[in-house]
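Enquirer: Heads up, the sequence shown is in the working numbering, so the first residue is 1 and it goes up one at a time.
Because the hints were derived from the structure by calculation, they are not lab data.
Just to be clear, a hint being listed does not mean it is correct.
[Stated by the list, open to error] Taking lysine to any residue pairs in the SDA-like style, the calculated list, with each CA pair at most 25 Å apart, reads:
| no. | residue 1 | residue 2 |
| --- | --- | --- |
| 1 | Lys413 | Pro328 |
| 2 | Lys263 | Met194 |
| 3 | Lys4 | Arg618 |
| 4 | Lys28 | Ser648 |
| 5 | Lys306 | Pro328 |
| 6 | Lys28 | Ala17 |
| 7 | Lys604 | Ser507 |
| 8 | Lys28 | Glu754 |
| 9 | Lys691 | Ser725 |
| 10 | Lys707 | Ser507 |
| 11 | Lys604 | Glu754 |
| 12 | Lys707 | Thr806 |
| 13 | Lys552 | Ile566 |
[Stated by the list, open to error] Ranges between beta-carbon positions, derived for each pair:
| no. | residue 1 | residue 2 | range |
| --- | --- | --- | --- |
| 14 | Gly685 | Ala735 | 49 to 55 Å |
| 15 | Glu121 | Lys867 | 52 to 58 Å |
| 16 | Gln303 | Pro255 | 21 to 27 Å |
| 17 | Ala798 | Ala855 | 41 to 47 Å |
| 18 | Glu533 | Glu616 | 54 to 60 Å |
| 19 | Thr285 | Leu187 | 46 to 52 Å |
| 20 | Glu533 | Ser591 | 39 to 45 Å |
Even for Gly, the Cβ is constructed at its ideal location relative to N, Cα and C.
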Amino acid sequence: MLDKTFDPKAAEPRLYAMWEESGVFAPKTDGAAEAYSIVIPPPNVTGSLHIGHALNNTLQDILARYHRMRGKAVLWLPGTDHAGIATQMVVERQLAADGNMGRREMGRDAFVGKVWEWKAESGGTIVQQLRRLGASCDWSRERFTLDEGLNAAVRKVFVQLHREGLIYRDKRLVNWDPHFQTAISDLEVEQREMDGFYWHFAYPLADGVTYEHPVAYDGDGQPTGYETRDFIVVATTRPETMLGDTGVAVHPDDPRYAGLVGKSVVLPVTGRRIPIVADDYADPTKGSGAVKITPAHDFNDFQVGKRAGLAALNVMDAFGRITAADTPDVPADYEGMDRFAARKAIVARAEEEGWLKEIEKTRHVIPHGDRSGVVIEPWLTDQWYVDAHTLAQPAIKAVEQGDTTFEPKSYEKIYFEWLRNIEPWCISRQLWWGHRIPAWYGPDGTIFVEESEDEARAAARHHYGAETPLNQDEDVLDTWFSSALWPFSTMGWPEKTEDLERFYPTSDLVTAADIIFFWVARMMMMGLHFMDEVPFRRVIINGLVRDEKGQKMSKSKGNVIDPLTIIDELGADPLRFTMAILSGTRDIKLSRQRIEGYRNFGTKLWNAARFSQMNEARRVEGFDPAAVDQTINRWIRGELTKAERQVSAAIEGGRFDDAASALYRFVWNVFCDWYLELAKPVFTGTDEAAKAETRAMTAWTLDQTLKLMHPVMPFITEELWDKLSDQGAPRLEAALIGAAWPDLPDAFIDPAAEAEIGWLVDLVTEIRALRAEMNVPPSAKPPLAFIGPDSATAQRIARHRDLLLTLGRVSETAIAETAPAGAVTFVSGGATAALSLAGIIDLAAERARLEKEIAAFDSDIAHVGKKLGNPNFVARAAPEVVEEQRGKLAEAEAGKARLQAALARLDTVG
1 MLDKTFDPKA AEPRLYAMWE ESGVFAPKTD GAAEAYSIVI PPPNVTGSLH
51 IGHALNNTLQ DILARYHRMR GKAVLWLPGT DHAGIATQMV VERQLAADGN
101 MGRREMGRDA FVGKVWEWKA ESGGTIVQQL RRLGASCDWS RERFTLDEGL
151 NAAVRKVFVQ LHREGLIYRD KRLVNWDPHF QTAISDLEVE QREMDGFYWH
201 FAYPLADGVT YEHPVAYDGD GQPTGYETRD FIVVATTRPE TMLGDTGVAV
251 HPDDPRYAGL VGKSVVLPVT GRRIPIVADD YADPTKGSGA VKITPAHDFN
301 DFQVGKRAGL AALNVMDAFG RITAADTPDV PADYEGMDRF AARKAIVARA
351 EEEGWLKEIE KTRHVIPHGD RSGVVIEPWL TDQWYVDAHT LAQPAIKAVE
401 QGDTTFEPKS YEKIYFEWLR NIEPWCISRQ LWWGHRIPAW YGPDGTIFVE
451 ESEDEARAAA RHHYGAETPL NQDEDVLDTW FSSALWPFST MGWPEKTEDL
501 ERFYPTSDLV TAADIIFFWV ARMMMMGLHF MDEVPFRRVI INGLVRDEKG
551 QKMSKSKGNV IDPLTIIDEL GADPLRFTMA ILSGTRDIKL SRQRIEGYRN
601 FGTKLWNAAR FSQMNEARRV EGFDPAAVDQ TINRWIRGEL TKAERQVSAA
651 IEGGRFDDAA SALYRFVWNV FCDWYLELAK PVFTGTDEAA KAETRAMTAW
701 TLDQTLKLMH PVMPFITEEL WDKLSDQGAP RLEAALIGAA WPDLPDAFID
751 PAAEAEIGWL VDLVTEIRAL RAEMNVPPSA KPPLAFIGPD SATAQRIARH
801 RDLLLTLGRV SETAIAETAP AGAVTFVSGG ATAALSLAGI IDLAAERARL
851 EKEIAAFDSD IAHVGKKLGN PNFVARAAPE VVEEQRGKLA EAEAGKARLQ
901 AALARLDTVG
């Protein structure tokens, strides 16, 4: 006999070990089997399973398990990312905590060795955690973005792109992290809103130039008063960057400065002459309308500088300290000064010398390194770049012509927007942990880009005519560079492997919207360039998991849901089911209560299996569901078939929420609430043939249900499959994970049985709803009468009399010409029925109760409606708060409508 409850703590490790040891995670070797492949978005090797991982990997596992049961050769290829900056930071902190010497004192080779040691000891944490979630990856093919095979692929790609002119070295602005002294990607930049200041500085005009500046305006905005000025005012939130100013920009259509374009100002502090240029970037409506241009320290200014031919002067070093390396006119007093100390010094000098005109408080966004936490500095430096524009064109075309599709399709717009406006991709990082750039420098600066040092030395010999000492580039590649090769490098490329032949291009990619730019688009570019084929046929974008109020989860808010804690306390299946059923929105509102609710769903399935076992439902050798005779058995066969169609179509379409909803409806509402209830009288009756058929049908339906449920809730279904293995005839498959997906013909749907049982279900549902509306005590059994039914309905009433008495909790079913006195009438299935409530409820008291509850809803509707009718509230409140109030309003209006309907029914009681 099954235990009273499912014990996930005991079952999950045992079942997962059984699956893994059986080899079922590996793709079938049967060459005739259709291939289905999916590569895991490699989590950082430093990472621990968070709720986003739980969502993403649950959806992937549903696909893998479903297609495996469909008989396909499924490859779900796992692996981890070396996570350059994150891993280097973890190991540096560990070294410091242990009292060891720092990275630079230790030297590159020794430090990298320490990182490999850390990876061997601690780098597999998230892989084990994915197992706890139930991820059925083929672990025998697990890859790491720094393993030797991927190293070879990365070197080959770099060299080939360099030879094709698609990788080059250039001096451009990058996001520079002064703490780690490396360039970082946009994804590693955290934008923080902070209080700050605009300092308004007066830059004196050169050569004694003056102009008339408007200072008063009429009602139409036309100037009416002027003052003569020998300066132009600019505003900045970063005064230290003025040391690198090489121009002042004004809008070409701004009449205030039309006469100044082409003139110069003398930059305070340095005495440098810099031109006034016309550029659309300057906004006449903001501040003074004039902006200082620092091409080497601001991304927008860099573009203005290129258009205007302005010099780009770097006035900071890698540590964010002031330097005069590019321009000797920076006073020696500032040399080596921290950027923020320099800011204070410059403001103090401006105030002292009189060119500080105003200090304006502001709240603005400041970029910070997501790992270091320090303010990021736009910095002009030599880096390696990929010509992303050229590589983007085939990637755009592939999606335009449908070679790769997005689900939901709306995400194609984001993909196109980024690729059509793409900038050169900075791929070098000033780190030690990562793929070291395969470029070697000769003594005269000549660069030799080759796949190995031996090949570089050979190229140098050919170039110089003799053995020449070379130094390899110190930088490593951006982590996203190796990740861009993931779909084909993990399958053995550049070798021509069986896996590449069979599984590339992959079938699906499941990932998050925030890395469409950083990963999806780059995989498309690299896959098309090196494999001449898209890397995946479809991209399924999952949403962002937020808390129950729609707020982003963060440790500081204390609203983080830890999936490992959930698995410890509730099991993996409830978490997985919750992830699936909520996955249909961009912002997934998650609460522990939702997960607990779906644990109850698993309990419902377990109890249904116990009920079936207690009623001797066993598999029967040779049982044919097509031959069943009982109406309820023909009905459940059709309902199961319809559920299978819905679940299959939803999973195939990447609509995991629809699949989970269809499973929930069938298991809870159809199989448990109705079929097993309808089967009870058969199990306890005297018709042995009906009893035997219903027992066999129950066992067969339960087996098919476990198959449908398995991709979403694998542990509890596998446990039930195993524990029920001795209940009757043996199955073909020992383990559910290897079982075939239900193959149910359309003929299993029986319209006559569906109509018959549908009539009964609708009638009982209507009776139960009416009892609830009228506050009928559970113990009360009012009589039920049918008013003038036709002969077909009368026959149904007679056939199902016992079920109506039991399920509807009524004392009798009668046929009458008119509704009895004191009865509430309703219509169901084309028949008018009357439920006699006289003497069972106090009609006056019930009317008073309903009116009181309606009044309470009116109060709620007025209160919430007033809030939502206030434009200030809607504009200023957080979106999730506004949405919550709208939900409350809709709930109150629906509740009021329900009670008004009940009151109207009460008024019909004769």
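Enquirer: Just to be careful, I want the Cα atoms of Lys707 and Thr806 compared with a cutoff of 25 Å; is the pair within it?
Expert: It is violated: about 32 Å lies between the C-alpha atoms, which goes past 25 Å.
Enquirer: Is Lys28 within 25 Å of Ala17, Cα to Cα?
Expert: With a Cα-Cα distance of about 19 Å, the restraint between Lys28 and Ala17 holds, given a limit of 25 Å.
Enquirer: With a cut-off of 25 Å on the C-alpha distance, tell me whether Lys691 and Ser725 pass.
Expert: Given that 25 Å is the threshold and the Cα spacing comes to 21 Å, the pair holds.
Enquirer: Measure nothing beyond the straight line between the CA atoms of Lys413 and Pro328; if it is 25 Å or shorter, mark the hint as holding.
Expert: violated (48 Å)
Enquirer: So if I understand the rule, the pair passes when the alpha-carbon distance is 25 Å or less; does Lys707 with Ser507 pass?
Expert: Holds, at roughly 23 Å.
Enquirer: Taking 21 to 27 Å as the stated bounds, is the beta-carbon spacing between Gln303 and Pro255 within them?
Expert: Holds: the Cβ-Cβ distance is about 25 Å, inside 21 to 27 Å.
Enquirer: Taking only the CA atoms, is the gap from Lys263 to Met194 under or equal to 25 Å?
Expert: Outside the cut-off at roughly 36 Å; violated.
Enquirer: Indicate whether the distance between the beta carbons of Ala798 and Ala855 respects the range 41 to 47 Å.
Expert: The hint (41 to 47 Å, Cβ to Cβ) holds, given that Ala798 and Ala855 are roughly 45 Å apart.
Enquirer: Does the Cβ-Cβ separation between Glu121 and Lys867 fall within 52 to 58 Å?
Expert: holds (55 Å)
Enquirer: With a cut-off of 25 Å on the C-alpha distance, tell me whether Lys28 and Glu754 pass.
Expert: violated (39 Å)
Enquirer: Under the criterion that the straight-line Cα-Cα distance not exceed 25 Å, is the pair Lys604, Ser507 satisfied?
Expert: violated (35 Å)
Enquirer: Starting from Lys4, check that the Cα of Arg618 is at most 25 Å away, please.
Expert: holds (19 Å)
The structure fails hints 1, 2, 7, 8, 12, 14 and 19 (numbered hints given earlier, in ascending order).
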